[in-house]
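Participant: On the provided structure of chain A, position chain B as indicated by the hints.
Sequence order for the protein chains is A and B. Counting from 1, one number per residue, gives the positions in the first sequence under this note's numbering. Counting from 1, one number per residue, gives the positions in the second sequence under this note's numbering.
Keep in mind that a hint or two might mislead.
Pairs count within a copy or across copies, as identical chains cannot be separated in the list.
[As the list claims (entries may be wrong)] Distance condition first, Cα-Cα at most 27 Å in a straight line; then the derived DSS-like pairs of lysine-lysine:
| # | residue 1 | residue 2 |
| --- | --- | --- |
| 1 | K3 | K124 |
| 2 | K30 | K45 |
| 3 | K3 | K100 |
| 4 | K45 | K56 |
| 5 | K105 | K3 |
| 6 | K3 | K56 |
| 7 | K45 | K100 |
| 8 | K3 | K30 |
| 9 | K45 | K3 |
| 10 | K105 | K124 |
Quick caveat, the hints were computed from the structure, so don't treat them as lab data.
Number of protein chains: 2
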Amino acid sequence: MGKVCVEGVGKFYQHYPMVAAVVTARLGEKANAMAAAWHSSLSRKPPLYGVAISPKRFTHDLILEVGEFGVNFLPFDRAGIIAAVGGSTGREVDKFEAFKIAEEKPVLTSVPILQDAYAAYECKLVSHHTLGDHTWFVGEILMVHLLEEALTEEGVLNLERVTPALYLGADLYLSPSPESVLRLAREVYGRV
Amino acid sequence: MGKVCVEGVGKFYQHYPMVAAVVTARLGEKANAMAAAWHSSLSRKPPLYGVAISPKRFTHDLILEVGEFGVNFLPFDRAGIIAAVGGSTGREVDKFEAFKIAEEKPVLTSVPILQDAYAAYECKLVSHHTLGDHTWFVGEILMVHLLEEALTEEGVLNLERVTPALYLGADLYLSPSPESVLRLAREVYGRV
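Just chain A, same shape as in the assembly:
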């Protein structure tokens, strides 16, 4: 089969899979967690991280009010938590209680840190931008929570010890294949 060209897009999953993140926020008694597949690094110095959230979400206004958010990365065997927080709304239910989601103490903010997360970022909101039908929240990463064994000496995920949960779209989750890892040194490949 050949290639097709499609103008505009509806649901678009061509750039998936994405690591499924759980974005959290807390303001006083109100705390919430939501699933997010639209997120990215933005800057190294300062370390900035972005997440796209629809204004319809309960977490959206919570982040605006408190000026902080957490980004949690759960292992594949905890993907059920991602689906649970993705399929419910914090307007109607306390997700932490309903789904028995265990928390750890944040260090520099008030954001919920998920105990099951192998890595989590505590972010201070530095700006937000209305981009189409979502708001792009930009946060400075103040603190990283990390399972000690999660990273190799090079600082990349140790896939023998941690299995990230990737989202493929349409409620499908998968894991990376540790056996497939290849090193393609850019200095070598980029040599002309």
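Facilitator: Same frame as chain A, now just chain B:
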């Protein structure tokens, strides 16, 4: 081992792997391609896509001048192209010629579309934002190039036919494991 907390971050790969993208731009005779691991969907209607690019990159100013960029997704067996464009600069070399990168015609823009890409977006720049040490380029996806067999009937990547190239950091690439795919319906998991 337990968890550690680290203030700020240097190189941070905790949220990887990411689908490795090749971002392209063309202005007259000048064309370039670069590797990008910091990118995300931003909006469904209109379909907006964002990429973070350092002002040091040749492609950065090219995009600002022409107001367009392409986002190309290459299969795992073409990850060498991603490493090649990631390890060279368009200031010194015509990467398309040097690495024999075959192109296809764009439809609504002038951006290079890579023949090896299983999917590619033609984007019109709608805004750009200085966020830390990178610029966040926001483009409207005007046209999607897609290998017909790349998507399932549900519109998600068909991993039996397409193997995306994921980037783990530190010049390491890997592929997802098609056997691991699980459906976790949010309606079921989110039920209280």
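Participant: With reference to the structure, classify each hint as holding or not holding.
Facilitator: Hint check results:
1. K3 - K124: Intra 43 Å, inter 21 Å, cutoff 27 Å: inter-copy only.
2. K30 - K45: For K30 and K45, the Cα distance exceeds 27 Å both inside one copy (32 Å) and across copies (30 Å).
3. K3 - K100: between (46 Å within a copy, 20 Å between copies)
4. K45 - K56: The answer is between: 14 Å across copies meets 27 Å, while 32 Å in one copy does not.
5. K105 - K3: Intra 50 Å, inter 12 Å, cutoff 27 Å: inter-copy only.
6. K3 - K56: neither (36 Å within a copy, 34 Å between copies)
7. K45 - K100: neither (36 Å within a copy, 35 Å between copies)
8. K3 - K30: between (49 Å within a copy, 26 Å between copies)
9. K45 - K3: between (40 Å within a copy, 24 Å between copies)
10. K105 - K124: So K105 and K124 pass the 27 Å test inside one copy only (16 Å; across, 43 Å).
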